[in-house]
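**Student:** Just so you know, the protein sequences line up as chains A and B, in that order.
This note's numbering puts the first residue of the first sequence at 250, with every later residue one more than the last.
This note's numbering puts the first residue of the second sequence at 915, with every later residue one more than the last.
By construction, these hints were calculated from the structure, which means they are not laboratory data.
The reader is advised that the hints may include incorrect statements.
Calculated lysine-lysine pairs in the DSBU-like style (CA-CA distance at most 30 Å, straight line) [as the list claims (entries may be wrong)]: (1) Lys1057/B x Lys295/A; (2) Lys970/B x Lys991/B; (3) Lys991/B x Lys295/A.
Covered stretches of chain A, going by a simulated chain B footprint (3 or more residues, C-beta under 8 Å) [stated by the list, open to error]: (4) 326-332; (5) 453-463.
Computed spacing ranges between beta-carbons, pair by pair [said to hold, decoys possible]: (6) Thr1107/B x Arg439/A: 47 to 57 Å; (7) Ser1108/B x Asn632/A: 53 to 63 Å; (8) Pro1120/B x Gly407/A: 37 to 47 Å; (9) Ala334/A x Arg1004/B: 44 to 54 Å; (10) Asn315/A x Gln1015/B: 45 to 55 Å; (11) Ser1108/B x Arg439/A: 44 to 54 Å; (12) Ala276/A x Phe1038/B: 18 to 28 Å; (13) Arg408/A x Pro1120/B: 50 to 60 Å; (14) Asp1024/B x Thr409/A: 18 to 28 Å.
Every residue, glycine too, gets a C-beta built ideally from N, C-alpha and C.
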Amino acid sequence: MTPCYNMPMASQIVTLQGHILDSLILAKVLDTIVMLGGTFTLSEVKVGTKREDLSRAIIRVEAHTNELLQDILTAIQPHGAVVEAEEDCTVTPAPADGILPEDFYATSHLHTQIRWQGTWMDVSQPEMDLAIVVKPSPFSAHMVPMASVKKGDLVVTGRTGIRVFPVERPKERDVFGFMEAQVSSERPHRHIIADIAKRMTVIRQHRRTHHGPEKVLFAGGPAIIHAGGREALAWLIESGYIHVLFCGNALAAHDIEACLYGTSLGYNLGIGRAVPHGHEHHLRTINRIRAMGSIQHAVESGLITDGIMAACIRQGVRIVMAGTIRDDGPLPDVITDSIQAQDAMRAALPGVELALLVASTLHAVATGNLLPASVPTVCVDINPAVPTKLSDRGSFQAVGLVMDSSSFLRELARELGWKG
Amino acid sequence: MSRLLMCPPDYFGIEYEINPWMRMSNQSNCDRARVQWQNLTQVLEQEAGAKLAFMKPVPGLPDLVFTANAGVVHDGKAVPSQFRRPERRREEQHFVEWFTQSGYDVIALDPGVYFEGAGDLLGFPDVWFGGYRLRSEIRAYEKLSRIFSKKILAMELVDQRFYHLDTCFCPLSGGELLYFPPAFDMYAQTVITSRLEQDQRFAVPPSEAERFACNAVCIDRHVVLPTGCPETMDWLTRRGYTPHPVILDEFLKAGGSAKCLTLALD
Chain A
250 MTPCYNMPMA SQIVTLQGHI LDSLILAKVL DTIVMLGGTF TLSEVKVGTK REDLSRAIIR
310 VEAHTNELLQ DILTAIQPHG AVVEAEEDCT VTPAPADGIL PEDFYATSHL HTQIRWQGTW
370 MDVSQPEMDL AIVVKPSPFS AHMVPMASVK KGDLVVTGRT GIRVFPVERP KERDVFGFME
430 AQVSSERPHR HIIADIAKRM TVIRQHRRTH HGPEKVLFAG GPAIIHAGGR EALAWLIESG
490 YIHVLFCGNA LAAHDIEACL YGTSLGYNLG IGRAVPHGHE HHLRTINRIR AMGSIQHAVE
550 SGLITDGIMA ACIRQGVRIV MAGTIRDDGP LPDVITDSIQ AQDAMRAALP GVELALLVAS
610 TLHAVATGNL LPASVPTVCV DINPAVPTKL SDRGSFQAVG LVMDSSSFLR ELARELGWKG
Chain B
915 MSRLLMCPPD YFGIEYEINP WMRMSNQSNC DRARVQWQNL TQVLEQEAGA KLAFMKPVPG
975 LPDLVFTANA GVVHDGKAVP SQFRRPERRR EEQHFVEWFT QSGYDVIALD PGVYFEGAGD
1035 LLGFPDVWFG GYRLRSEIRA YEKLSRIFSK KILAMELVDQ RFYHLDTCFC PLSGGELLYF
1095 PPAFDMYAQT VITSRLEQDQ RFAVPPSEAE RFACNAVCID RHVVLPTGCP ETMDWLTRRG
1155 YTPHPVILDE FLKAGGSAKC LTLALD
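For reference, chain A alone in the conformation it holds in the complex:
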């Protein structure tokens, strides 16, 4: 079974007006929607205050297919449901490279459609805080970052002819299915980790048996190495459970340092003490990889034999390393231009069905900003502020775990069969 978190739904706003409560017409219309297999959201019910006052209900009718939606609309229209008049979206040419028209529509990370020449069309790969650029022939609509817009691009402006769809409750009855978006250090972790493991198993199974495009994304920080989560994470990657890695210079540098020197930021990982001149180890590590030209070359030549980066290279995991202003080196694979790094991360997202954001405020928030709301997301951090920040994005499928990254990774790996 393939995980299916957000079936695109067809929907239509209808209004119902009259003495719709006393006549049970509202009840009849809602019953009809449900009996035919649709769902509804009552966006507004205005009840008349005087006897002769009319009441008014605005109903969003939703169905899994457009055909079913049309059947439902046909069934409810004789009872007075009026389909809201629809207009095409408006577009305005971008005035210059990197500049959006004044009234541009700012996107959300929800499934979005625009109405173009009378037809509702999907906007590909939802992401928050972008603009929508339309190409008329052949038609396409994409969400585009401000910096990437080109002079003359047709940018969607205003609010007409645009609709967004709420995240549908997933079919799976697991921790993501509750869509609670709560973060608490007092919640038991074990069943949450077991549910994450189940999803990872399903995704791996589907990739192996059907060559499916589903992916698990892992974004992590160097605390994973310091805290002792390196072996568990490497095992998860070697076992085929992780398919995309987002990280910065530090995670890779300390992972390779551990391989070459047995230390992380100069601390011996076995005995837990600082070793003489240990603070130089990560610099020497970075320097050696820079001399080799790439991490891949360093792995393939046998310099790096174990750890997270070696596992990624061996398993063909797509790695995007984004640099920051405090980086040493950096390693040769690190993208130091933020805009380029965002684009590279964005390009790795199609197919991601589960995102694990572990022990990195920077990469967790950056990844969260790029992900559609429909992707189940787990944010693990010892600091409650990080998962809270992620869940505040409005994705109901963001599960926050306030715990040590090493404990999380080791428990997750054990749930999946790791014997370490």
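Keeping the supplied structure of chain A fixed, place chain B upon it in accordance with the hints.
**Tutor:** Frame of chain A; chain B shown alone:
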């Protein structure tokens, strides 16, 4: 005193089939129809105390006799019908003409909205009921509610034999109701049973519903209804009404009876 609009059946006949009662093979008899209609006018005037107004019949418009479908009149305002069936649309201009000449404030519904007058809109002083789905459309009642400042509860009709509300629903002057439940969907039946106590409503038996027992004219304590409805008459009598049975079989062939042949003007 109740004023009613009627139209002599000079050109009445079965010239098309637009409801399950009409069959070209089952023609009405002109003479008998005229006698039955005149008898009805006498009972209405002399027994029930109604004051009658008449409009001129028009050749080629056999159903003009059913004035209940002229429109709906209340408080000096008249909203003319806009028929669903093309066969009856030719009547509209004559009804509008009569309303206009009679001094009513004539208010038209939006073009294309089907509404078949007092055949589908009737009720009690505090609340009206609007039949929809078979002839009138539910969207008509939103505007009618505004025009007349009345609460109108829309009720879905589901039996083609009872294609207008007045064929299966008859509010009485004392607040009681004659009705035929299977003519309504479950929601409408719930609306009726929740608004009227059981002893206030009489569910007409099927055999009498098919005689159009509900197509009755109630004026004060008098109820003029078609013959062949003994149980309905018995119930009316027990509730203190005086039933007046009138033979109207020629009009039943076209799917109409006493109420269809009159339009309340007050």
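**Student:** All the hints need checking, so say for each whether the structure fits it.
**Tutor:** How the hints compare with the structure:
1. Lys1057/B x Lys295/A: holds, 17 Å
2. Lys970/B x Lys991/B: holds, 21 Å
3. Lys991/B x Lys295/A: holds, 29 Å
4. 326-332: holds (count 4)
5. 453-463: violated (count 0)
6. Thr1107/B x Arg439/A: 47 to 57 Å: Because 55 Å falls inside the window, the suggested range holds.
7. Ser1108/B x Asn632/A: 53 to 63 Å: holds, 58 Å
8. Pro1120/B x Gly407/A: 37 to 47 Å: Violated - the Cβ-Cβ distance for Pro1120/B and Gly407/A, about 59 Å, lies outside 37 to 47 Å.
9. Ala334/A x Arg1004/B: 44 to 54 Å: Taking Cβ atoms as reference, Ala334/A and Arg1004/B lie about 33 Å apart, which means the hint is violated.
10. Asn315/A x Gln1015/B: 45 to 55 Å: holds, 52 Å
11. Ser1108/B x Arg439/A: 44 to 54 Å: holds, 52 Å
12. Ala276/A x Phe1038/B: 18 to 28 Å: holds, 22 Å
13. Arg408/A x Pro1120/B: 50 to 60 Å: holds, 56 Å
14. Asp1024/B x Thr409/A: 18 to 28 Å: holds, 25 Å
Violated hints, listed in ascending order, are 5, 8, 9; each of the other numbered hints is respected by the structure.
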